[in-house]
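> The whole structure should be built from the sequences, with the hints applied where relevant.
Chains as they are written, first to last, in my numbering: chain A, 1 to 225; chain B, 1 to 225.
Since the hints were derived computationally from the structure, they do not count as laboratory data. Even for Gly, the Cβ is constructed at its ideal location relative to N, Cα and C. Hints should not be assumed to be uniformly reliable.
[Claimed, not checked] DSS-like cross-link-like pairs, simulated, lysine-lysine; straight-line CA separation at most 30 Å:
| hint | chain 1 | residue 1 | chain 2 | residue 2 |
| --- | --- | --- | --- | --- |
| 1 | B | K95 | A | K160 |
| 2 | A | K124 | B | K143 |
| 3 | A | K10 | B | K124 |
[Stated by the list, open to error] Residues on chain A that point at chain B, a partial pick, calculated with CB under 7 Å:
| hint | residue |
| --- | --- |
| 4 | R101 |
| 5 | L127 |
| 6 | K133 |
Number of protein chains: 2
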Amino acid sequence: MQKMVRFYMKFYAYYHSTAAYRIRIALNYKNINHELVSIDLMAGKHHDESYKKHNRQARVPTLDDDGFEIGQSSAILEYLEEKYPEPALLPHDIKKRAWIRYLSQIIISDIHPLNNSGVLNFLKNLLNQDQSKIQLWYHHWVKCGFDALEAILTDHPDCKSFCYGDTPTFADICLIPQVFNAYRFGFPMNNYPTLRRINEHCLLLPYFEKARPENQTDCPLDEKK
Amino acid sequence: MQKMVRFYMKFYAYYHSTAAYRIRIALNYKNINHELVSIDLMAGKHHDESYKKHNRQARVPTLDDDGFEIGQSSAILEYLEEKYPEPALLPHDIKKRAWIRYLSQIIISDIHPLNNSGVLNFLKNLLNQDQSKIQLWYHHWVKCGFDALEAILTDHPDCKSFCYGDTPTFADICLIPQVFNAYRFGFPMNNYPTLRRINEHCLLLPYFEKARPENQTDCPLDEKK
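Structure representation (structure tokens):
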């Protein structure tokens, strides 16, 4: 008789959430079985009390590993890496790990927090900013971060097919969703040949491709390719 | 004859930088010898080309470990923890580590990026917001993050003297500088008894006390206690 394996990893996410997109790539790359629970951000479902008991910040993503629940994509990435070390998304050498976390955090801490929907809505509704000002804001912070990343990566001896070396790391997992987000908001990518090259390379790989927003089951039909 | 030990860890920082304050606590707690290089943010020294070659984002802090340079406080914290594991700032258990990183990232990724000086200056100079609107913005994002943290920590069985357990972790290292920042901007802390209790406990400890902005050599005399 086949042994029953009880499995319980829930992933609360939404197709166009940049932070959820990061986790999808890691789950795919490590081939971690999980159940998706879609939280419709457009309908405000993240503010429902039934969801907030899983995530007090009312944000996605949340990972629920058999009752152990955490939010924050970089905490989730580190957890998945420690629980399922192979295939690795961080090298063993501590300087290389630090370098990759540095690249990742430029996106996680200095680009994305300034352009998520809550922030843009605050600019619009509480500070009465029109669309041109919101675009000025959005483009400014993406430019600051991408200018730094492009300068750091271009000609760096360890930047090859990916941000670091020949296998994906946290840095690519952060970069590709942020480039998606940038295109979505009409940010011109022409000054970033290195970021574009890495983005194009990654999107040819099945674990990135499968993680794209338009390939999610909760993506509306009119946004699918 | 005594052996010469070559030492070279440089720490580029500024006394009132919240992110630099985090690193100071870790350096003190782990008793890591280092040379401080003060970058005067008020005088715009972070934009000098001579500094930007160390940090392409023109931000502090930067850690230079014998020529290996990285920015981003959470990457630096992880690096220091991996290089100098004792005394530990993260437990060994992977769920506990994940939990502490989750708490830390609420501050690093969702509070601090929205209230650093670059963002507040953008609101003032590019979006023409007056001081009352800037305060509305500042208080809103601190409230969102602190409300979540207070709810998560209060009555949590593992929240004791510190955010987690009886020794300091990354979470306290993030919390205490953010509370300093909140007081500095007149944010009312009366609704956060748990955060206040942890803050008061930590500030009695020498490695936190020594890291306070007003105890730094680059703090102007009129801001010292």
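> If you check each hint against the structure, which ones fail?
1 and 3
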